[in-house]
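> In the order they appear, the protein sequences are chains A and P. The numbering used here applies: residue 1 is where the first sequence begins, and numbers increase by one. The numbering used here applies: residue 1001 is where the second sequence begins, and numbers increase by one.
Some clues are possibly wrong.
Unchecked claim - Result set (DSS-like, lysine-lysine): computed pairs, CA atoms no more than 30 Å apart in a straight line:
id, chain 1, residue 1, chain 2, residue 2
1, A, 52, P, 1057
2, P, 1070, P, 1011
3, A, 77, A, 56
4, A, 68, A, 56
5, A, 77, A, 60
6, A, 49, P, 1057
Quick caveat, the hints were computed from the structure, so don't treat them as lab data.
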Amino acid sequence: GNSVTQMEGPVTLSEEAFLTINCTYTATGYPSLFWYVQYPGEGLQLLLKATKADDKGSNKGFEATYRKETTSFHLEKGSVQVSDSAVYFCALRMTTDSWGKLQFGAGTQVVVTP
Amino acid sequence: DAGITQSPRYKITETGRQVTLMCHQTWSHSYMFWYRQDLGHGLRLIYYSAAADITDKGEVPDGYVVSRSKTENFPLTLESATRSQTSVYFCASSDRGEGLHEQFFGPGTRLTVL
């Protein structure tokens, strides 16, 4: 079956540091890929997305590039802020799935200290 | 309130009791989803729905029942709660299944089964 694997957290870093969260996937077919963010006490919000190989999604200073050859969708941000402390989820959705179901990774907690 | 809401936000119950978690959205989205969030597992899909009276099982449906008599509501019932159903439950909605249509998440219900 399809699956998403994320690096384990928590990831702790200082303000203005560079952030990378690794995400790889296994899928029979061609998925669309997503990053969702969950701030403390809240539901998930879509952060960015990509639909095909070499697409780059970006939002709020975060970027991720759909790499078909390595089946990866790593999330990066050049200079994190304390407000970026959250749990980040990588997810996939098969383009053949008319229901739009998402399959999530386990999530990576990011803690940014001043 | 506009958007997607869940009630209650917190619930403590006992093993064997029936519990219903409510989800309400004001966008008239066709698609709705129930997920549970557990440490180490990320979000796992319980049930989903494409319209009123159209529902289907997700990855972890055992012990849960859903109904959808109205487009805007998608209640999730635990018929006889077990300790393994202690979790945070998220409802989500989307206007379409295919394509990159975003799923919007509610704030979650934290359920504890004693």
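> Each of the hints needs a verdict: does it hold here or not?
To see whether the hints hold, each was checked on the structure:
Proximity of residue 52/A to residue 1057/P is assessed by CA-CA distance (about 28 Å); at most 30 Å being required, the pair is judged to hold. For a cut-off of 30 Å, the pair hint linking residue 1070/P to residue 1011/P stands: about 24 Å separates their Cα positions. Note on residue 77/A and residue 56/A: the hinted pairing holds, with a Cα-Cα distance of about 13 Å set against a maximum of 30 Å. In summary, the hint linking residue 68/A to residue 56/A is supported, as the alpha carbons are separated by about 12 Å, within the 30 Å threshold.
Taken as a hint, the residue 77/A and residue 60/A pair is honoured in the structure, with Cα atoms around 9 Å apart against an allowance of 30 Å. Restraint check: the Cα-Cα separation between residue 49/A and residue 1057/P comes to about 26 Å, which is no more than 30 Å; the hinted pair holds.
In summary, the structure agrees with every hint in the numbered list given earlier.
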